[in-house]
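Residue numbers 284 to 733, in our numbering, belong to the letters of the sequence shown in order.
It is worth saying that the hints were derived from the structure and are not from the lab.
Only a predicted model underlies this, so the values are computations on that prediction, with no experimental measurement involved.
In this text, a Cβ means the ideal position worked out from N, Cα and C, and glycines have one as well.
A couple of the hints might just be wrong.
Unchecked claim - Cross-link-like lysine-lysine pairs, in silico, DSSO-like; alpha carbons within 30 Å at most:
| no. | residue 1 | residue 2 |
| --- | --- | --- |
| 1 | Lys578 | Lys602 |
| 2 | Lys578 | Lys496 |
| 3 | Lys312 | Lys454 |
| 4 | Lys322 | Lys346 |
| 5 | Lys511 | Lys624 |
| 6 | Lys511 | Lys548 |
| 7 | Lys624 | Lys486 |
| 8 | Lys624 | Lys602 |
To be verified - Pairwise CB distance ranges (calculated):
| no. | residue 1 | residue 2 | range |
| --- | --- | --- | --- |
| 9 | Arg510 | Lys337 | 39 to 49 Å |
| 10 | Glu681 | Arg510 | 48 to 58 Å |
| 11 | Arg544 | Asn497 | 17 to 27 Å |
| 12 | Asp481 | Glu363 | 30 to 40 Å |
| 13 | Asp316 | Gly498 | 19 to 29 Å |
| 14 | Leu343 | Glu394 | 16 to 26 Å |
| 15 | Ala442 | Asp316 | 40 to 50 Å |
| 16 | Thr545 | Asp664 | 47 to 57 Å |
| 17 | Asp664 | Arg544 | 43 to 53 Å |
| 18 | Asn318 | Gly387 | 24 to 34 Å |
| 19 | Lys302 | Asn420 | 21 to 31 Å |
| 20 | Asp316 | Glu605 | 49 to 59 Å |
| 21 | Ala631 | Asn420 | 16 to 26 Å |
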Amino acid sequence: MFSQFFEPESVAIIGASKKPLKVGHELLKNIIDGNFPGKIYPINPAADEILGLKCYPSILDVKEPVDLAVVVVPAQAVPEAIKQCGEKGTKAVVVISAGFSEIGNKTLEEEVVRIARQYGVRIIGPNCTGIINTHRNLYATMESRAGRGDIAFVTQSGALGGAVLAWAIEKGIGLSKFASYGNACDVDESDLLNYLADDPQTKVITLYIEGVKNGRKFFEAAKNVTRKKPLIAIKGGLSKAGARSVASHTGSLAGNEAIYRTVFKQSGIIEADGIEEMFDMARALAYLEPMKGDKVAILTNSGGPAVLATDALERLGLKVPEPPEKIVKALDFLPPVCSRKNPIDLTAEGSPEAYVKAFRALFSEEYYDAGLIIDVPIAWDVRGATEAAKLLTEAIREVGKPTVVCWMSGHLVRDAVAVFEENKIPNYETPKRAAKALWALYSFKRVTSP
């Protein structure tokens with residue numbers, strides 16, 4: 284069923300508009316500009332063509348089959364649009380339109396559901412911002428067109444979803460799928476999670492929820508996901524004021540904080556404290572293998588950031604132990620001024636070659652489970668940071684241990700960071716963020732079937 288949502292051969296936009304800045308115009312334009320390979324059918328009885336495409340008075344006037352319909356008409360017109368989709372045989376419908384249970388109009392929403400069930404139509408929405416499949420070039424949304432990747436993002440909040448899409452583009456984070464499900468009158472977060480659990484293009488699922496209507500269904504869906512791949516979630520509405528905001532936003536009940544935390548823990552969901560943290564962890568889990576143990580080796584050219592990294596790792600329950608004697612001997616090439624106690628401090632004189640040799644030495648024995656490499660370049664000569672990135676990329680690949688990097692100094696290390704990201708080695712701007720990414724690699728546990 285969900286292949287009709289995310290891999291359609293054809294899509295109709297019911298409520299397509301000639302007027303720029305109207306939702307029906309921008310959504311249609313997004314689908315066209317995104318190079319969707321299938322057929323596109325604008326639906327509007329008052330237009331002959333829109334953006335160079337033939338326009339149809341009704342979806343029933345389209346002779347060919349229509350796999351997916353996106354509805355952007357006023358709320359009162361949605362029931363008739365769903366009825367026509369049912370008569371057409373279009374079983375997958377995304378309702379962008381707002382004005383339903385989120386403002387107390389439950390009767391209209393119930394009518395939409397009743398008609399949909401009568402015809403076997405499945406609905407994502409209403410009150411949502413649409414869906415994306417970057418691997419199909421399907422951008423059925425008026426929001427930004429994210430780049431292709433292997434992280435899925437499912438969100439109850441459409442506006443937050445739009446902000447995340449724009450932010451992901453700026454940060455160079457690629458997505459596989461995006462789904463804003465809004466009021467979840469039919470398809471809910473659990474349905475989407477179960478679909479994405481078996482999606483070969485998705486390595487990690489990220490989720491923003493405000494409330495769930497069926498707790499048992501959500502729990503089982505989360506367990507189904509975490510048996511196969513990581514699931515990272517943010518739960519909105521944990522404070523009293525936040526819970527009030529949730530009720531007025533999507534018409535959901537936010538629920539008890541302790542209950543959600545228990546469900547997250549028992550189902551294997553990794554909880555994130557914000558969008559940036561969620562995607563920090565998602566990138567690590569998408570790019571790297573999980574840690575087999577809790578011991579981290581830190582390699583740095585600056586003491587301060589290494590101290591911060593050590594503190595952060597230990598607060599998260601990871602260990603930064605001193606190296607065993609064999610590894611210490613492998614580090615004998617370092618000058619006396621360099622610390623060998625973990626963190627291994629190359630000092631500001633550390634060359635790209637020294638970074639590589641020290642990194643290989645740290646993993647010359649089966650002792651450490653992961654690596655964290657920190658570099659703070661000299662402001663007047665950042666070439667060494669880029670050269671070290673190039674050499675370390677090969678060494679990290681050959682060693683085979685999950686390793687994250689923290690190349691600090693912002694724009695000064697832009698070229699070096701690009702080298703890492705091109706090779707699926709996640710870089711984090713601060714030691715604390717790098718530590719949390721390693722914690723995610725350690726925390727992810729596949730839930731086994733009973």
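Results for each hint:
Taking the CA atoms of Lys578 and Lys602, the gap is about 5 Å. The hint holds against a cut of 30 Å. Between Lys578 and Lys496, the direct Cα distance comes to roughly 40 Å. Violation of the 30 Å bound is thereby established for this hinted pair. Between Lys312 and Lys454 the CA atoms are separated by roughly 24 Å; this keeps the pair inside 30 Å, and the hint holds. This hinted pair checks out: Lys322 and Lys346 have alpha carbons roughly 12 Å apart, not beyond 30 Å.
With a C-alpha separation of about 38 Å, the suggested pair Lys511 and Lys624 falls outside the 30 Å cut-off, and the hint is violated. Of the pairs offered as hints, the one joining Lys511 and Lys548 holds, with about 16 Å between alpha carbons and a cut-off of 30 Å not exceeded. Taken as a hint, the Lys624 and Lys486 pair is broken in the structure, with Cα atoms around 36 Å apart against an allowance of 30 Å. Between the alpha carbons of Lys624 and Lys602 the distance comes to roughly 13 Å, so the proposed pair stays at or under 30 Å and holds.
At roughly 47 Å, the beta-carbon separation of Arg510 and Lys337 lies within the given 39 to 49 Å, and the hint holds. Checking the proposed 48 to 58 Å range against Glu681 and Arg510 shows it is violated: the Cβ atoms sit about 31 Å from each other. For the pair Arg544 and Asn497, the supplied restraint of 17 to 27 Å holds, since their beta-carbon distance comes to about 18 Å. Against the hinted window of 30 to 40 Å, the Cβ-Cβ separation of Asp481 and Glu363 comes to about 35 Å, which satisfies the hint.
The supplied range of 19 to 29 Å is broken by Asp316 and Gly498, whose beta-carbon atoms lie about 40 Å from each other. Taking the beta carbon of each, Leu343 and Glu394 are about 20 Å apart, inside 16 to 26 Å as hinted. A C-beta distance of roughly 21 Å is found between Ala442 and Asp316, which places it outside the suggested range of 40 to 50 Å. Taking 47 to 57 Å as the suggested C-beta distance range, the pair Thr545 and Asp664 conforms, at roughly 52 Å.
At about 48 Å, the CB distance of Asp664 to Arg544 agrees with the hint of 43 to 53 Å. Asn318 and Gly387 have their C-beta atoms about 40 Å apart, which leaves the hinted 24 to 34 Å range violated. For Lys302 paired with Asn420, a C-beta distance near 25 Å keeps the hint of 21 to 31 Å intact. Remark: the range hint 49 to 59 Å for Asp316 to Glu605 is upheld by a beta-carbon distance near 56 Å.
Checked against the hint of 16 to 26 Å, the pair Ala631 and Asn420 fails, with Cβ atoms roughly 47 Å apart.
The earlier numbered hints that this structure contradicts are 2, 5, 7, 10, 13, 15, 18 and 21.
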